[in-house]
Each structure stands twice: as structure tokens, then as C-alpha cells.
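Heads up, the sequence shown is in our numbering, so the first residue is 1 and it goes up one at a time.
I should point out that these hints are in silico values taken from the structure, not numbers from a laboratory. Hints should not be assumed to be uniformly reliable.
[As the list claims (entries may be wrong)] Straight-line Cα separation of at most 27 Å, BS3-like style, residue types lysine-lysine; simulated pairs: (1) Lys438 to Lys492; (2) Lys438 to Lys472; (3) Lys497 to Lys472; (4) Lys492 to Lys472.
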Amino acid sequence: MNLTAKLIILIIALAFPLSSQVTSHRYFQTFDNGGSEGYAVFSADVDVSVQNGGMVISTASQDMINIMLPLGATTGDFTYRINSSGSDNIIQGAIGRAGFKSEIGVVIKNDTVRVFYTVDIQSYPNPSYTMLYSGPMPSVYTGMQLSGIRSGNDLIVAVQISGTTIYQGTIPNADPSLFSGSMYISVLGDGNPYNISLDEIEINYNPYVSTPGSFSDDFSNPISPWSRFGDFNVIAQSVNISGGKLNFTYNGVNPTTLLAAPPVGAVRDFTFEATGSGTLGSDGVGAVSRGSDLKHYITVFWEDDSVYIGYADGFYEPVIVARTSSNVPGTRSKVEVITSGSNQVVRLYMDNVLVMTGTIVNPSERLKTGHMMVSYERTNQINISIDDVAATYTSVLTSAAETGVLQSGDFTLRQNFPNPFNPSTTINYTLSGAGIAKLILYDVLGNTVTELASGYHEAGSHTAILNAGSYKLTSGVYYARLTSNGQSQTIKLILMK
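Make the full structure from the sequences, and use the hints.
Structure below.
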């Protein structure tokens, strides 16, 4: 075997010979057999469906559409890739990771690609971003990928468009808020009815919630990665974490809508309890809900002197299934939604005393999952503070095989993307246990080209990027072989110049 090829350790990108990306979980969705379960779009007049192996989002709205993914907030290293087969009347599309007040992402607008971040969102309509990169859109588009690696206090960022690396750089002494957040997709149309088709989504990540199925927050962390939705003209100023509380504060001329979702992702059965206080103006509504969009949700809401259990299954206004007086003694409320046969049973407790039960008979499948949220709306005066929350839940990701979640117990060398490639391609692999691992690239004759990764690895998911230009590789077939702890797998790569 010819061993004269130069050996170079290649980690997340050639420019950064640092420790490799370490992630413990992988989310992978192709939409070949459905798969829109757990996605949420809280914008008006939006339809979500799966057609021809892709998730299609269609709307006539001129507003920005923000799509929540099934997984909860992530922390530390990540790689986030989407493929899309096409879109109509789209002028802007973005992916990224958003914290409570922070965001890092890549956006394509018209013919320009930008990589950006912010650590203090004061206005969503007019955010103040730091631009890491701005350049022309490649002539061919099949998807984009955003990667982040924490190195000490720095954040290393890499972006690929259609498999080609367009940016790699470092945010030195990055604000801590950039190291956690929820993955998102956002799109904006040109004023005409539009749609976008997502074919494939892959995310390597570390979950922010360390104990699956259980979450609590005393709001001592002012950057706890809750998600904020609703009236984007005011929500950045009106929803904040300070003084050890989650605060909803608004005093304006027009009624508004403020929503906040805990960083747990999409759920099935759940309990959500909270202690809080404050006031709402006339006609104000406060609610705890689980939903996937504005027309599919289960809710317990307080209005005037009553509290209601209701649901919407394809329409905006809820159908009421139970009602009681809101003058029930107690300071801590708990909402419970559980599956009972083909029905959904909803219960409200005050100080652990059951005060109301409602049953939703034979709802659609879409009503059986969604994201938990707290909301206040339909008034121009909101002054509510939540002291703490606690939730237990069944995650959509751990209860449905089609979500494609891989835990660190899998030894897997995944097919590189893109393939064929030119000049760069990404290789993701997962190790079942800690130990020495090698990822070696061979030519078609079996000669070693380079070691893409070598040395001690933690268990979990890792990423390497091969740049053919660094080795002056010619077009043809190559092989990558992963070995660790007596296990091995091989994939075939095709370089096509």
C-alpha cells in the first residue's frame, strides 16, 4: 500500500485544527412516510402537509413564517442541514439557532447569502445583527448547512451552501447565550401566495434539557432558551426574564398577543404547572395550550370570571368542552392533557385540587401532539409575572420511530453529503462508546489519502469535512472507513469536478 500520501487531521473544517464536534443526538427526517408531526407554525393562514416525499408549507400571508422543529432546545456543538427541492415566490429563507434574546443563522435573500448573529434582540422587525459574511448566492442550490463548535469561550462557525463551504470563522469570547437555543426555519414571500418544500432535515446536537420528560425553570437564568412568538412588533420588549421571573408586560393602544414556549420540543401527553400573579386588561385572555398552529390546539384559558377547556381542530376559535368559575382558591395551577383511547382528556388543578375536566372526542392526529405554550392576548394591558414552572411530558421524538432519532448507542458512518461532491463534503459519524477512532480516506486502489479524524473520541456524534482542493484530488471514486472499538464501516464517495 502506498503510504506516501500526506496525513492531516481534518476536523470541522481544515482552517480549524481543533477538537472535533461532540454531539450526543441526531435528528434525521426525510418525509418519505409522512413526518410533519411535531412541527409548529404559529402564523395565520398557513397550511402544512407532506407531499411527494417533502414537507410543504403553503400560505398567502405576507408575514414572515417561523417554523418550530420537533426537537427541544440544544446546547453546545451542533450541525444543522436542510435540503429543499424548490419554492415558489420566496424572497428570503433562513435556518439557525435562536435563544431567548440571541440568534445565529444563515439567511438567503434574493441572490445574497448572509451569516449573522445577535445576542440582544430588542426588536424583531428591526434587529441589530453582526454580519459574519455576505456574498453572492451560488448558481446551484440544493440545501444549506450551519455548524457550530464551542472551543473554550469561542464559537467556531461554518456554513455550506449546496455542499460548498462559503464561510468559516470564529466568534471570539462569544456571549454565553449563543451556546444554546432552539433550531428554526423561517421564510418570507414576495406578497403572492407561496410555498416551500423541505425534503430532508438532519441535525446533530446536544439536548438542553438533560432529563428527558421532565423540565423545571425558576427563571434564575436570564437567557433560559424559551421561544417567544406572537406580535413581533412588541414581543422583544414585552416578554423578558428578569428578577427571577418570566414577565409579560404590555401597555399599548392596540390589543396584542404574547406567547412563550418552554425549551422541550413537541410533546404528546403532558402536565404543566406554574405559579404567577398579575393583571390583564378588559377582554384579556390567558392560556396554557398545546398546539401545532393557530387552527390545531388544545387550550385551558382564563377570560373574565370563567376558565374554559377548549380545542380547535381545523378552525381558529375554540370549541368549549368545559367551563367553571375562575374564582377558584389557589395560587398554583396545573394543566394536564392525557390520551385515553381515541380521546384527549384535559384536567385543571389548583393547588393540586382537581377543579375541572373536559374530554375531546376522537380528535384528528394533528391535535394529539404539539408544543406547550403560555399566552396572553386580546387586550392592550398585560402585566403578568410567572415565578416558576414545572412540566412532565412524553416527547414526540422518543415515541415515534419515524422521527429518526439516533442516540449515542449507535455505531454509524453516514453517507457523506453531498455525494457526488465538489469540492467539499460533510461526513457525520456516531460512536457507541468513548475510545480511539479513525476515519481514513482511501483512493479506488486502496491507497491512503488522508486521515480525516484520528485519536480519542467521546461517545456520540461527530463531524468531519473533506475539502478535495486541499489534496488536489482528481475526479473519481474514494472510500472512507471508520474504525473504533473493534467496529468498522465504509462508505463510497464520488468526486465530480
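Does the structure break any of the earlier hints, and which numbers would those be?
Violated: none.
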